[in-house]
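Given only the sequences and the hints, what does the whole structure look like? Please build it.
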Amino acid sequence: MSEPLALKIQEETVPLPYEVLFNEVPCYISIQDREYRILKTNRRFRESFGSKQGSYCYQIYKDRQEKCPVCPVEKTFIDGQSHMSEETWTRQDGSLVQVIVYTTPIYNDEHEIIAVMEMSTDITEVKHLQTKLRASQERLAYLFEEVPCYISIQDKNFRIVRANRKFKEDFGDQVGDYCFSVYKHRDEECLNCPVAATFSDGQVHTSEEVVTSKSGESIHVLVSTAPIRNAHGEITRVMEMSTNITEIRRLQSQLESLGMLVGSISHGIKGLLTGLDGGAYFMKSGLEKDEMERVRKGWAIMERNISKIRSMVLDVLYYAKDREPVWESVQPRELAESVAKILDSKAEKLGIAFRKNLEEEMRPFDGDAKALHSMLVNVLENSFDACRTDKVKPDHAVHFRVWETMEHVFFEIQDNGIGMDQETREKLFCMFFSSKGMEGTGLGLFVANKIVTKHGGKISVESSLGKGSRFLIRIPITKQ
Amino acid sequence: MSKGRILVIDDEPDIVDFLTTLFRDHGFETLSAYDGEAGMELARQYAPDLITLDITMPKKSGVAVFRDLRSDPKLSRVPVYIITGVNEFRQLVYSRSSLPPEGYMEKPIDPEALLRDIETILKNH
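As given, the protein sequences belong to chains A and B, one line each in that order. Mapping of the first sequence onto this note's numbering: residues 1227 to 1706, in sequence order. Mapping of the second sequence onto this note's numbering: residues 253 to 377, in sequence order.
Mixed in with the good hints there might be a few duds.
Here are the simulated distance ranges between beta carbons [said to hold, decoys possible]:
#1 A:ARG1589 to B:GLU358: 45 to 55 Å
#2 A:VAL1488 to B:ASP369: 48 to 58 Å
#3 A:LYS1394 to B:ALA316: 50 to 60 Å
If we take Cβ atoms under 7 Å as the criterion, some of the chain A residues that face chain B in the derived model are [as the list claims (entries may be wrong)]:
#4 HIS1493
#5 LEU1499
#6 GLY1501
In silico negatives: residues of chain A with every beta carbon more than 12 Å from chain B [as the list claims (entries may be wrong)]:
#7 VAL1296
#8 GLN1324
#9 ILE1445
#10 MET1467
#11 SER1511
#12 SER1689
Calculated directly from the structure, the hints in this document are not laboratory data. We treat Cβ as the ideally placed atom computed from N, Cα and C, and that holds for glycine.
Structure below.
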């Protein structure tokens, strides 16, 4: 191009081939002088902003009376470089358009910048989408954080790479730690891990787990896992979403318990009624035959069964509501002796040695004598049962010791019966957990534990399978 | 003259006492066992005319005793009368391929009905 460009711009008479391109390109193009005056525009520009040749750029775009504080055209005039900026302009119809502006210098033959070409692309739609995307990302983040479940995102090694607010609240900010260590305090991955299953087959997996919160509370959760894939479709992360169902499980188990309670009571009552029928038969036939011995025997059977019914009803009452202890002053030795008396005949019948070691001088303590009585009978009967069912050792003994310290009275019941494995030991005080098959109602030790707890005391258990068990019951001397 | 020998197997001593006295009062001879194993031993030793059997017992359950009785060539024909507090076990006992028990009663025990049943069983046997 030998002719000076500036001249050609001003001429604007003969359309040159590049002019076609200049006009039809889908951008706004304008050429401006040092004063930011519009020298030339393309068709698209004119359509949107009118043919205002000679007007100032800032007037046309922004309806300003002076130059904009930051201007890419100015920068190009100064340094001869291309510049870019994002602007919002007003079209002649008053609508706003968001543009991305590029500027480029136009030189004369002396290599002086005589004009700047400004080329602007309409990015209104992109901006709009960007805003929508940001909003939906924010919504997603909000959902992730605020959803009332525990959400964690884990890598292939079960490391937590992200966790939501609820998760952090209950399990601590454990990002970077292993899932199994956070949830279960384990040193290695769990068996049947749903996250591992999702990593291997890409499917959604669910499972129910019991996890431990940072405060040590057991939480039942329903876990669902879903794969997170990268652009190549490979699973790089797995999202684990866990719903806390502790309360549901608790209610469910209470309902189940009620059902079982009804079953176990009706079973128990049938047995006791049979006993009463037996007693009644002895008494009736004894009276008919005038045999006092029969009458006495019948009466003893009746009494035994009546007392069993009484303790069963008390157990049920203890279960059915939080029965508060009826406080009185209890003599530990008297209590222990009356309990031992009941078990003496059982011991004799079963051929189990029953050794008692009751401290002579003990202070009275605050307690509910009836409840404690039934609690001790319960624990002792368990020990006798543990001996009775042990077929390995030739001789069995149950030791019953009672002593006091400054603050507590202690009842210790030790046997060399079948003993318990860890599972039995852990579930020992759970309602309706019975290791005795149809023999047990599963209420006894549950209620025993409840009674001791109501007294502010504690039952501790040591046991090993095949060797025997030791129950230590500690009750405060003074009511708390 | 005895009307027959009945073996009572039940882990609850009061019930054993009750049943043996009831049977003796009505002209039967009785034997008693407090668990399944002892019951099997007495059955083998004395070949009773009828056995009353509790189901839930320690050591050996009534279901196991019943199975052993039915598979013992010498005892398989001895009538068995189940007396139980657990009705679910009815299904268990009756669903076995061996001959069903000759009698069944759920606790509590109706003494007159029990005696009537037993006399009928022994008469027809």
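Determine which of the earlier numbered hints do not hold for this structure and return their numbers in increasing order. Hints 2, 11 are the ones this structure does not satisfy, whereas the remaining hints hold.
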